[in-house]
Amino acid sequence: MKAEKRENYDANIAPIYLGQLERLAKENNGHLALGGQTTWADLWFTAVLDYMNFMVKGNLIEGYPYLKKVVENTLANEGIKKWVEKRPHTDG
Numbered sequence: 097m098k099a100e101k102r103e104n105y106d107a108n109i110a111p112i113y114l115g116q117l118e119r120l121a122k123e124n125n126g127h128l129a130l131g132g133q134t135t136w137a138d139l140w141f142t143a144v145l146d147y148m149n150f151m152v153k154g155n156l157i158e159g160y161p162y163l164k165k166v167v168e169n170t171l172a173n174e175g176i177k178k179w180v181e182k183r184p185h186t187d188g
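Sequential numbering from 97 applies to the sequence shown in the numbering used here.
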């Protein structure tokens, strides 16, 4: 049952939502909101993506270049970069 749900997620659910987010990121040059700067939406996406990738044991944004740019832009922020470097490491 778990494999069946994962297959449905990979084939039907993830592409819809990731496609919509990719469109937003493309329209906003690597950000999820207007303004051309990192917002809470970018930060939330980057943080949740890290966890989701762990859960699915893969890279959810493979093939989504503008979503990759969102993550790159978010992690380029000096404050965020410093936190990521010093935060406690966990497996999840």
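These aren't lab readings, by the way, just hints derived from the structure by calculation. Any given hint could turn out to be false.
Stated by the list, open to error - Subject to a maximum C-alpha distance of 20 Å in a straight line, what follows is the list of computed SDA-like cross-link-like pairs (lysine to any residue):
no.: 1; residue 1: Lys165; residue 2: Gly115
no.: 2; residue 1: Lys164; residue 2: Gly115
no.: 3; residue 1: Lys182; residue 2: Asp146
no.: 4; residue 1: Lys164; residue 2: Pro184
no.: 5; residue 1: Lys165; residue 2: Gln116
no.: 6; residue 1: Lys101; residue 2: Ala137
Stated by the list, open to error - Using C-beta positions, here's what the derived DEER-type ranges look like:
no.: 7; residue 1: Ala143; residue 2: Pro111; range: 15 to 25 Å
no.: 8; residue 1: Ala99; residue 2: Glu174; range: 22 to 32 Å
no.: 9; residue 1: Gly131; residue 2: Ala99; range: 37 to 47 Å
no.: 10; residue 1: Glu100; residue 2: Val180; range: 27 to 37 Å
Everything numeric in this text was worked out from a predicted model, so none of it was measured. Backbone N, C-alpha and C fix where the C-beta goes; we use that ideal spot for every residue, glycine too.
Evaluated hints:
1. The straight-line distance between the Cα atoms of Lys165 and Gly115 is roughly 14 Å, inside the 20 Å bound, and the hint therefore holds.
2. Annotation: proposed proximity of Lys164 to Gly115 holds, straight-line Cα distance about 13 Å (limit 20 Å).
3. Note on Lys182 and Asp146: the hinted pairing holds, with a Cα-Cα distance of about 16 Å set against a maximum of 20 Å.
4. Proximity of Lys164 to Pro184 is assessed by CA-CA distance (about 23 Å); at most 20 Å being required, the pair is judged violated.
5. With a C-alpha separation of about 15 Å, the suggested pair Lys165 and Gln116 falls inside the 20 Å cut-off, and the hint holds.
6. For the suggested pair Lys101 and Ala137, the alpha carbons sit about 27 Å apart, so the restraint of at most 20 Å is broken.
7. Between Ala143 and Pro111 the beta carbons are some 22 Å apart, a value that agrees with the proposed interval 15 to 25 Å.
8. Hint check: Ala99 to Glu174, Cβ distance near 42 Å, so the stated range 22 to 32 Å is violated.
9. As the Cβ distance of Gly131 to Ala99 is approximately 41 Å, the hint placing it in 37 to 47 Å holds.
10. As the Cβ distance of Glu100 to Val180 is approximately 35 Å, the hint placing it in 27 to 37 Å holds.
Consistency note: the structure conflicts with the earlier hints numbered 4, 6 and 8.
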